[in-house]
Every structure is written in structure tokens, then in C-alpha cells.
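Participant: Here are the chains, one letter per residue:
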Amino acid sequence: MLKAVLKKILNLIPTLLGVSVLAFLLIRLVPGDPVMLLLGERGADPQMYAEMKRNMGLDRPMIEQYFSFLGNIFKGDFGHSIVSKRPVLTEFFDRFPATLELGMMAMAFAITLGIPFGIIAAIKRNSFFDFTLMGAGLVGYSMPIFWWGLMLIIVFSVKLGWTPVSGRIDVLYEIDKVTGLLLIDSWMSPDGGFAAFKSALSHLLLPALAMGTIPLAVVARMTRSSMLEVLGEDYIRTARAKGLPFTRVVIVHALRNAMVPIITILGLLFGSIITGAILTEMIFSWPGIGKWIVFSINARDYPVIQGGVVMIASLVILTNTIVDILYLWANPRMRH
Amino acid sequence: MEAAQPKELTPQTPWQEFRQSFAQNKGAVIGLVVLIFFLAVGITSPFLAPYNPAQLFDGAYRLPPAFVTGGSTKFLLGTDDVGRDILSRLIHGTALSLGVGLMIVVVSLFSGTILGLLAGYFEKSVDRAIMRLTDIIMALPSTLLAIVVAAILGPGLVNAVWAVSIVAIPNYIRLVRALVMAEKKRAYVMAAQAYGAGHIRIMVGEILPNCMAPIIVQATLGLSEGILNAAALGFLGLGAQPPTPEWGTMLADARPFLESSPWMVTFPGLCILLVVLALNLVGDGLRDALDPRLKK
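Those protein sequence lines, which keep their order, are chains A and B.
Numbering (this note's numbering) for the first sequence: 101 to 436.
Numbering (this note's numbering) for the second sequence: 358 to 653.
Isolated chain B (complex conformation) (with noise of 0.2 Å):
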């Protein structure tokens, strides 16, 4: 690859390397343009939805999108089967599906991190009873595992993010103990040790900052499988209940009027899709500009 020759000799910041190398991957600048855009609408949905979520047009049930003949420009994605607007509803659901899945990365990101520093630091019965625990985990199908833990926990969104979190958070323990046993070995972990410094201090002031660029990835990967997974729960009734506007129940809802009113299918799955999508550019973007010994 050409670099550009840099006009002075003073080195790129690594924050500056980082934009650079970033902004070089159109697939993770377009995910990224597509991400705050979605984060926008989240933030505002309160304001920006024409209607209330909840509120009911008596008459006006299953009024396809205003671009299709019968639609209306009152409606600009049509009514669902009791009269709610569905741009409303999407726009609201905006902010819980990425509310969801910012929660179950915060749970699953900090409890996988915890795990995965102390059975990389202390190896030895530390790692092998975390890392059994792991496999026991990883064994079950993680679908399967996030029904199950639903159904226990009952149906609900706040314990769809604890099933799913749960799933997730093998994937950081992982990642976090294979980056944490390859840094250990490292000269400025012996010095700090030297320097009398203690096993947390260690843990979390010398070898996990310089962990962090995989942990990031992993964690925006980890967002769009979240929020995947929260809206497959909510699919199969097990996630957030009616009258939610989560993306993954309104499916279900609309799921018997497949044939009759297609568009209250279509919208929240194209939702879904897009939001995955762009977490998936831009994590892959992340990871291209993050991790130099992955760059071709």
C-alpha cells in the first residue's frame, strides 16, 4: 500500500493513525454514517416520532406505507393491526434495541473482562475452573441457552439482557485471558512487579490498557450479536412483551399478517438488518485500524 509522505517528520499520533487507517475503509465510514444516524433517531425519538407509540387510530388499522396505492401521508410506514403508527413505534424501538444492546455489552464486556483477567493473570486452578465454566457454556447453542435463561427468568426485556449477556459473556473471557497470558510476558510487567507493584494494580493498571484495542472490537461486535439476540428473544416471546415497540416483538406481532399487510413485517426486520449491518462495518473497520498486525 502507498502511504501518503507526511509533510514534516513529526510521528502520527496513534490517534491520528487511527483516523487515517479508518477513514481509508469505505465499508466501516458508510456502517459508521448508518450507526450515528440510528443513535440520532434513538436519542430524539421522543421528539422526532409524529405519533405516540401507543396511541390507537380508530379506523385506520393496517393502512399500508404512504408510497404504496391506499397508503396515507398521515402514516408514512403504515398502521399496524390495532391502528399504531409504525414509523412511531420504529423510531421508539430505535432507542430500546440499541438501549438493550449498549446494556448487554456493559454487563457481559465488564463481568467477561473481570473472569478472563484473572484466569490469564493466575493461570494455573484459577484458569481452569473459569475456563471449564466457559466450556460448559459454550457447549449449549447460544440460542438455546437464551431461551432457556429467559424462560427461567420469565419473559421480560430488563432479563432478556441478563440471558443474553450471559451468552456473550465467554466470547470477552476468552479474549481478554489470551491477550492478558501474551502480555504477561512482556518487560514492563516484570518491571512493574520488580517495582513492587501489586496483582490488581498489575492486572488493571498495566496489562489491560494495553489490551484494550481487541476489547473494543469484540465489544462492537458484541453489540450488533446483542441486539440480535434480544430481538430473536423478543421474536420468540421471550423478550421485551406487546405493547413494546422493540423491533424483534413488533415482528412477532405482525408475524399473522405475513400475507395481508407485508409492510409490518418488513420495516422492523429492515431495522434490525441495518443496524447489524452497519456494527458489523464498523467493528470490522475498527479492527483493520486498531490492530496493526491484522492490517495486509
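Same shape as in the complex, but just chain A (with noise of 0.2 Å):
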């Protein structure tokens, strides 16, 4: 156990180095000069261009630029954002909170439907419910979210009026940052209380529907999928055949043998939840991680880019590994 952790971990080593190499690589791979980019008609002045190039690191070779990129990334130090002037870390962990949030809230929102859809849809195998589900898995499994967060905005925010249009909280709310986590700030906060709870809630309520609907319908079919494997052994029968009551069957001894393949499945999906992030945040408005990058590579802000690039894709990877890690823990099979 012990040795194939080790292992896991030390293969971390080349592929971050790797994500270093191709982030470094992205900013002068960009067709132009990016200090003309960055200066505009400034860059004629020859003094300001020199100032602006030895700022950036760019008249130095390209290798000592990478090892100096590198022993910076160690110190904690991503650069600076060219729009804000702030440090990359900071900017990122002023925004971290946000998409935490959201993509918590998506998960909890998959989890908590999926898995009981799938349950009932395998033990009511064939049924007008399961074929419904099933269908509607399907559907869910390749929407378009940027189509389907418009399209419940439409619905919840301008034809009903129930939930806000974007943002995380009403203006009308000063929160104290705490934990970053609005649900958890506007709660405890002295002139929140339970309507700014409520607020950030209803704010929180739409993105997180569309941000899980994928995850959603991905749990779901596997859990239906999971169960129907479980549900033909031997020990189902043996523990029917004991007199036990079914939904004691399902939910001890079928659910906790199904666990394994949903949690797996769920652990790939907390990988992908950035990919969720930056189209629901473009939706919504939601101040996070994926709006942020957006608007960044939209302002060749790229210092930035680079850094959230190397932020981002080493959390993937950490966020991988851990699975692969409780996966093993959890298999004992698979050690080897």
C-alpha cells in the first residue's frame, strides 16, 4: 500500500514539471511581440518597450527565463496580474471561495439526486420510470451548459421571478470574508443573518443546477448501471432469502457493494468541475476561477494566464491523485 502511494506520488513530479513547461511555453507561443501587445501605441517609445520587456523577464534566454519562472513558482511567487498589479496567488485565493462553493453545491445537488434515482431505477428495471430516467440521463449527459444555464435563467429568473439573474449575494449585503464560503459568511456575519443566508442562497441555487446537471445524469447512470451488477449476486438472494426487508437489502448490502464504481466516478467528476466552472461563471457572473481566467485571457493578461494555468492544473492533478490514492485504500485488489 504504502509503495504503490509512494509511487503515485512520485509520478506527480514530472507531470507538474510538465504543466510548468507547457504554461511557461504558452505566452511565447502567442503569434506578435507580447510586449507591443501589452504597451499598444506606448510600445513606440523605445525606452518604455526595454523597461517593459526587462520587467517581464523576456531579454533574458529562454531557459534561464524558465528555471527563474520555476524558483519563483517554489517561493509561492506566480507573478503579477498586468491589470491588477496584484500577486497571481492572491487574486486566485480571493476567488478560490466562490468556485469551491458553486461546485460543492453542484456535486451535493448530483449526489443527493442521482444516486436515489439510480437505486430506484435499477430495482424498477424496465419500468415507464426507469425509461424516463434513463432518458432524461441522457439528455442531461449532453446538454450544452451554457445553452441550458440561459435557458434556466429564462425560465427561473425572468419568466418566474423565484431567483436572482447573477452575482452571489445581493448588494444590499456586506459580508465579512471568514471563510470565503458565502453560505457559511452571510450566516454568521452581524448584519446578515438568515435573509442574507437566504440571499446568497437564492443566487447560489441556479448556477449549481446547471453546473450539476451533467454530473447529475452521469452519477445517476452509474448508479443504476453499478446496481444492477450488484443486485444479481448470490448474497442479494441469500439476504432476501433470509426474510430481510428489501430496503434493508438495498440500501446495506447492495448500496455499500455498488459504492465503489460511484465513487470513482465521482472522484473523476470533482476533477472536472473547473471545466464546469468557467462556462456556469460566464453565465452567471459567478466571481470565481473560471471567470477569472476568462476575462484574463480576453485581457492577454498573462501572467495570470500562466499562473492560473499552473494553479489550476496542479490542483487537477493533487485532486487525482487523492482519488487514486482512496481508491486503492478502499480496493485492496488493486494495490498491486
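Taking lysine-lysine and the DSSO-like style, the derived pairs with C-alpha atoms no more than 27 Å apart in a straight line are: (1) Lys224/A to Lys383/B; (2) Lys481/B to Lys103/A; (3) Lys107/A to Lys481/B; (4) Lys185/A to Lys175/A; (5) Lys481/B to Lys108/A.
Heads up, incomplete: computed chain A residues facing chain B, CB under 7 Å, no partners named: (6) Phe246; (7) Ile254; (8) Val258; (9) Ile378; (10) Ala413; (11) Val416; (12) Ile417.
Because the hints were derived from the structure by calculation, they are not lab data.
Glycine included, every Cβ here is placed at the ideal spot set by N, Cα and C.
Two chains, two frames, some hints: make the complex.
Facilitator: See the structure below:
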């Protein structure tokens, strides 16, 4: 077990280094001169041009540039945003809680609905409910979420007026940042309380629904097929023959054994949260990592793109590795 | 499952077997019908569309669809903010989206298959180098990588094809590599080696044809993913540029009129959903029909 875990962790190093090379090369691959792109007309001034080039470190040899980039990363310095002049790392952690809150809500939605739906579909196999659910699952799985989010806004915000269109909370409330998760901060804030919490929650529901749709479909499909496999096993028949109540057999005997593939899928989905976040945050003006990165790309804020790519990729790689290790821990058979 | 007793004792050809299996899957057949419909629309788009997709109708701004009060039968699905016929734009967009999807599949399938063949056949250092590269690309969330690549290359339809293709390549590499590694140990490969066939001959002539079924399934699913990702880039302003009638770009254009003219948003997205759904249904059907190992 320890050896397998160590191997996984050692495997991280070349991948992370590769990501840093990729992120480093990104800026250099841009056609045209990045200095001119940033300075615009001011680039005509040779003194300003030379200064900017030196500031960006572009006057040194490529290899030297890379190693100083890498060295800075180890010191926690991911460069400074050209637009806001603030450190990239600070900008990242300012926005990360918003994405985390949205992602957790979306996953909670996918899990709390997906697993029961999958179980019922498996028990009532080939019933009307099963067909409807699996049909809906396929639609959900094929959903272009950038369109789905807009449709949700049309129905729930414009037509029904139930939820706000964008943002994280009413501008009315000024919530002190403690955890960064607004659902918690608004609740604890002195001038917030329940009303602020309600506002934060109503802002969160629609984006989470949009972002959770594909994971919901995946979890429901996976739960169904995993349950179907387990329900055919001998020990389920034994448990039934013993006279145990059906719900107990399903929940205790079947679900527990069906959980391994479901957990694997959940882990993989967790890694894909960022992908969903980019589109969802753009639709709902959610001030998280996804919106930040898209804005930086449009603003050609290269240090942010470079640093952001390294941060996000490292996060995904780490999450996947943790999932892998948990998987090894849950499946002794997979350890060698 | 009950199989119908064949009347004669001649065994089914693989093609017959495949057709029968595919036809039994209702979802796949529906998907295929929808797909053929969109293909037909795409191919005949210049003749089918009532108007030129760029034609501006003065005074006919943001007209609702014909079946809504205030709509006109002149514009069946309504008009957009500058008075262009939405139906005509969608019809032309069909050709664009399907074409873009196909180009993405061709580019990613071709490069992914070659790299996968090399990795699986030679193993050792070749494999390690290719798989490391794959790991790095896969570490980046696909949408993020696609928008970064599109931003580097600059916005535009052709660049979007490259960006989405690069993101899709690892899927093919991993699939082909795993298939090749399994096939390589088969007797027919050893026979070819003993016969003195060269590496390329064995890879392309012997192993690859035996890996085709899963590759075809992956290509179908890759087509739906490609169309979806290209539309997402269009939506983010990094794909096809207005006034190109690409579905994702149309969605982005329609966004400011979400409240007042919801039909402008509804139809392009519905087209994307239908095509992607149809492709996923066909892909599932193909997998069940082509891959006997996955059969129930």
C-alpha cells in the first residue's frame, strides 16, 4: 500500500514539471510580440519598450527565463497580474472559495438526486420510471451547459422571478470574508443573518443546478448500472431469502457494494468541476476562478493565464491523485 | 436474450450481425434518423434556407417565431436583433457545426491513432514519452486548455478546430494504445513477424484493422464532444466570429436579448442539444453492436 502510494506521489513530479513547461511556453507561443501587445501604442517609445521587456524578463535566454519562473513558483510567487497589479496567487485565492462553493453545491445536488434516482431505476428496471429517468439522463449528459444555464435563467429568473440572474449575493449586504464561502459567512455576519443567507442561497441555486446537471446524469447512470450488477449477486438472494426487509437489502447489502464504482466516478467528476465552472461562471457572472481566467484571456493578462493554468492544473492533478489513493485504500485488490 | 432462429444454416456476415444488433437498439435508430436529418439539412443548406443568412430585413427586428402572437409566417423561427432570419441562420449553421465537428474528429483521430499506435507497439521509452505528454494535456481541464489554445492562436473558426482537436487527441492515444497492447500478443501478429513483415506493415496492416470497432465508437462520441466544445468556444467569443451563423456564436450574440427575445437563445442551443444527443445515442448503439464484449 505504502509503496503504491509513494509511486503515485513520485509520478506527480514529472507531470507537474511538464505542466509548468507548458504554461511557460504558452506566452512565448503567442504570435506577435507580447511586449507590443501589452503596451499598444506606447510600445513605440523604445525606452518604455526596453523597460517592459526587462520587467517581463523577456530579454534573458529562454532556459534562464524558465528556471527563474520555476524557482519563483517554489517561492510561492506566480507573478503579478498586469491588469490589477496584484500577485496572481492572491487573486487566485480571492476567487477560489466562490468556485469551491459553487462546485460543492453542484456536486451535492448531483449526489443527493443522482444516487437515489439510480437506485430506484435499478430496482424498477425496465419500468416507465426507469425509461424516463435514463432518457432524461442521456439528455442531461448531452446538455450544452452554456445554453442550459441561459434557459434556466429565462424560466426561473425572467418568467417566474424566483431567483436573481447573476452575482453571489444582494448588493445590499456587506459580508465580511471569513471562510470565503458565502453561505457560511452570510449566516455568521452581524448585519447578515438569515435574510443574507437566503439571498446567498437564492443566488447559488441556479448556477449549481446548471453546473450539476451533467454530473447528475453521470451519477444516476453509474449508480443504476452498478446497482444492477450487484443486485444479481448470490449474496443479495441470500439476504432476501433470509427474510430481510427489501429496503435493508438494497441500502445495506447492495448499495454498499455498488459504491466503489460510484465513488470513482465522483472523484473523476470532481476533477472536471473547473471545466463546468468556466462556462457556468461566465453565464451567471459568478466571481470565481473560471470567470477570472476567461477575463484574463480576453485581457491578454499573460502572467495570470500562466500562473492560473499552473494552479488549476496542479489542483486537478492533486485531486486525481488523492482519488487514486482513496481508491487503492478501498480496493485492496488494486494495490499491486 | 432470445435470438431468432436463422432459417438457413449460413452464418450471418459481420455486417448483417451488426445491422441487426444496431436496429434492435431503438435509441440508436432514433439518433441515426435525427443525425441523417441534420446531415441532409447541412448538405442542402444553400438551397434549403429561405434567405441568405446575412441578409438584413429592415424593420423586422427581433420578430418572434411564427407560432407565437406577433410572429410572421415570413420568418418561421423569428428574426434576430439586426433583422436576420433565424431559421436560415440555423440551417447554414448546421453545415458549419457538422463540418467543424468532422474536421475536429479527422485531425484528432489521425494524430491520436498514430501516437497511440507508436506508444502501444514500441512501449518502453516511446510509450513513456507519449504517455507523459498525454498526462500533462489531460491534467488541464479540457475547456480551459481549449480556450487557452484558442486565445493563443487568436479567435476564429479554424483556430477553434485546432484548439478542440488538441484537447481530444489524448482520448484516442489512450484508447489505441490499450488496444494495440492487447492485440500485439495475438498469434496473428507473431505470424506476421515470423513472416518478416516490417513494423509499419504490422502496425497499420495487421493490428490497426483489428482495433477499428472501438475507434469508430470513440470517433462518434468524439464528434459530439467536438461539436459541443467548438460551440462553447463560439459562445465564449473565441470560436467563429459574428456574423458567422455558428450555433455557439449565435447564442453569444443573443444573450443580451435573453429577457426580451428568448427565442433567439432557445433555437441555436436546441440544435446543439439535438445533434449531440443524437450522436451520443448512435455512439452507444455502435458500441453495443460493434463490441461483442460489452454485450449484455
